[in-house]
Amino acid sequence: MRPGFIERTIATFLTAAEYTAGAETMAASKGALQRVDPRVKVAGLLGLIVAAALSRRLETIASLFAVAILLALASGVSPVRLLRWVWWPALLFTGAIALPAVFLTPGNPAFSLGPLTATHQGIRSALFLIARAETAVTYSALLAFTTPWPWAMKALRTLGCPAALVAILGMTFRYIFVILGTAAEMFESRQSRTVGRLEGPERRRMASAAAGALMEKSLQLSSEVHLAMQSRGYRGEVHILHDFRMSASDWLWLAGFVTLTGMAIWGGRG
Amino acid sequence: MHIPDGYLGPSTCLALYGGAAPFWYVALRKMKRALHTRAFPLLSLFSAFSFIVMMFNLPLPGGTTGHATGVGIASIALGPWASLLAISIALAIQALFFGDGGITALGANCFNMAVVGSLISYGVYRAIAGRSSLQSRQRIIAAGAAGYIAINISALAAAIEFGIQPALYHDAAGTPLYAPYPLHIAVPAMMIGHLTIAGLAELVISAGVVAYLQRADPILLRATAPNAITTATEAPGWKSLKPLWVTLAILMILTPFGILAAGSAWGEWAPEDFTHAAARSQIAAASGNHAPPVTAPAGLQRLSSFWTAPMPRYAPSFLRSPSFGYLLSAVAGTGVIILVFTLAGWMSGRHPG
Chain P
1 MRPGFIERTI ATFLTAAEYT AGAETMAASK GALQRVDPRV KVAGLLGLIV
51 AAALSRRLET IASLFAVAIL LALASGVSPV RLLRWVWWPA LLFTGAIALP
101 AVFLTPGNPA FSLGPLTATH QGIRSALFLI ARAETAVTYS ALLAFTTPWP
151 WAMKALRTLG CPAALVAILG MTFRYIFVIL GTAAEMFESR QSRTVGRLEG
201 PERRRMASAA AGALMEKSLQ LSSEVHLAMQ SRGYRGEVHI LHDFRMSASD
251 WLWLAGFVTL TGMAIWGGRG
Chain G
1 MHIPDGYLGP STCLALYGGA APFWYVALRK MKRALHTRAF PLLSLFSAFS
51 FIVMMFNLPL PGGTTGHATG VGIASIALGP WASLLAISIA LAIQALFFGD
101 GGITALGANC FNMAVVGSLI SYGVYRAIAG RSSLQSRQRI IAAGAAGYIA
151 INISALAAAI EFGIQPALYH DAAGTPLYAP YPLHIAVPAM MIGHLTIAGL
201 AELVISAGVV AYLQRADPIL LRATAPNAIT TATEAPGWKS LKPLWVTLAI
251 LMILTPFGIL AAGSAWGEWA PEDFTHAAAR SQIAAASGNH APPVTAPAGL
301 QRLSSFWTAP MPRYAPSFLR SPSFGYLLSA VAGTGVIILV FTLAGWMSGR
351 HPG
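These protein sequences, in sequence, are chains P and G.
Everything in the first sequence is counted per the working numbering, starting at 1 for the first residue and increasing by one.
Everything in the second sequence is counted per the working numbering, starting at 1 for the first residue and increasing by one.
One chain only, chain P, in its complex shape (with noise of 0.2 Å):
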């Protein structure tokens, strides 16, 4: 039987909540990419997904793909959960907007299927989107997997981002996790009280007062936080502690991913 919206939110929350879970513990482990200091990880991966970007040659997307497969082998991030979780969401969105551009896009043929032929630009420019797609999702995945949240926020603090942003993202992330959980009760409460199939008007009803009561309970949280926040000295500043020390591997670190991602932009130009 096909699930009802019920099932699936609650699936979709459970996906996320397994999708973090398994994040952490790869941040805990001891993978090459964890040992590194933290502003040296984000400054470097996020370097590396600005080379993607910044590419226009296939070829050096590709290594720096390789590259990306290679940092998560030594890292403990094995290659099925970057398929199950990354590349194979990544490729049927990314797919499915990329295979119309194979016949759609004017150029010189390469081959026919039916009345559709497809151009060597075509694939060229759909396999630009797959590759570039599929590789910074890579990277940004590695920085997840292998960074504790709290230690990115500080990092990306020490690279120049404001503390306001990165003292709401540390506290959103937070209670992401919190509301996560309220949802899902709510759901998983109604579900165990629901006999039979909701009629469509019934179901969206259901829906939309779940996301009101979830918003009145966001923002009664949000005063509590405000009072426990004042109790304990808070009067308006953020104040960020800095505690990372470079070693010399981070110094070699840094080097390499300062030479890989000047080598992928030199080598990406047109």
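Simulated from the structure, these hints should not be mistaken for lab results.
Certain hints may be false.
Stated by the list, open to error - To give an idea of the chain G side of the interface with chain P (calculated C-beta under 7 Å), a few residues:
(1) Phe-40
(2) Leu-42
(3) Met-55
(4) Pro-59
(5) Phe-97
(6) Ile-103
(7) Asp-171
(8) Thr-175
(9) Leu-177
What the hints assert, rightly or not - Residues from chain G shown here face chain P by an in silico Cβ test under 8 Å; the list is partial:
(10) Ser-44
(11) Phe-49
(12) Asn-57
(13) Pro-61
(14) Ile-73
(15) Gly-99
(16) Pro-176
(17) Tyr-181
(18) Val-204
(19) Leu-213
(20) Leu-220
Since we're looking at a predicted model, the values are computed, not measured.
Idealized CB from N, CA, C, for every residue including glycine.
We have chain P; now place chain G onto it with these hints.
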């Protein structure tokens, strides 16, 4: 509508980061000024809420499901500036941690969904809702329209960004290097999905949440409805009391029929009725054939002259027609009652509590 990395070229990404940045700056300043220490927890919790709402599988007419961005709800509950920050934060976490939407395209996603979406949504909601009361159906329609129009304008912005990529970035052989479709393909392809499924999802959640809040917690709608008519002001309006006024007018016109009733009401006798033969027999008939006293009781005699009414027996002395006298008395009496209660209402409004 979350644009991944690789779809937009570098200069487009930079331009859209630049386009969103002033809005972030102004919004953060406004929030800190308006909310001071409350700004961070409020924005954080609402961003977390927006993130979760984006995960809802919304049942849509036709049996399908869709996801909403929640921009309609956010701008209705918090106003445009807080909404654009909350949605931007939710999008940033989706991109940085969950890989949903690109990091290089984060500026574009924030510009389209958070900035354009919040401003359009707020504008449409305020324009349609007008001064209607917090509980009015007009606000539900306004919320639905705000969500639907906002998400479609956001989608149009994204489609235009996609559509200009082939002209901006291509190699010598004409291969598009980023999003491959020109405007005439990108715009309809993007809009068909948003005019139907995604737009409907936004409409359903925005209208549904406002309808829910009207029942459960209408005060949450107050922030973006400063001019809303309160229920107390609206209730005594002409429209809501129209049936009562009409009934009252009919009753006043019918008052002269009271003259047709024979005799006088039991216990409402005048002192002279006790000495008048015809009146005495009526009093006796109405009292179980008990004969009334020969003269009016002393107390009744004394107190009956204590107050002389301006319109005794509903017959003003200056009018000859008893029917018109009845009618005039009804109008005058009703007018005095309305005047007394209007004054009382005005006095209680001036001195609450």
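Each hint tested on the structure:
1. Phe-40: holds, 6 Å
2. Leu-42: Cβ of Leu-42 (chain G) sits 5 Å from chain P, so the hint holds.
3. Met-55: The hint holds - Met-55 (chain G) has a Cβ within 7 Å of chain P, the shortest such distance being about 5 Å.
4. Pro-59: holds, 4 Å
5. Phe-97: holds, 5 Å
6. Ile-103: Result: holds, 6 Å to nearest chain P Cβ.
7. Asp-171: holds, 6 Å
8. Thr-175: Holds, because the Cβ-Cβ distance from Thr-175 (chain G) to chain P comes to roughly 4 Å (cut-off 7 Å).
9. Leu-177: holds, 6 Å
10. Ser-44: holds, 4 Å
11. Phe-49: holds, 4 Å
12. Asn-57: Constraint on Asn-57 (chain G) satisfied, holds at 4 Å.
13. Pro-61: At about 6 Å, which falls below the 8 Å cut-off, the nearest Cβ of chain P leaves the hint on Pro-61 (chain G) intact, so it holds.
14. Ile-73: holds, 7 Å
15. Gly-99: With Cβ-Cβ at 5 Å, under 8 Å, it holds.
16. Pro-176: holds, 5 Å
17. Tyr-181: holds, 7 Å
18. Val-204: Holds, about 5 Å.
19. Leu-213: holds, 5 Å
20. Leu-220: Leu-220 (chain G) check passes; min Cβ-Cβ to chain P is 7 Å, inside 8 Å.
Hint check: no violations occur; every hint is consistent with the structure.
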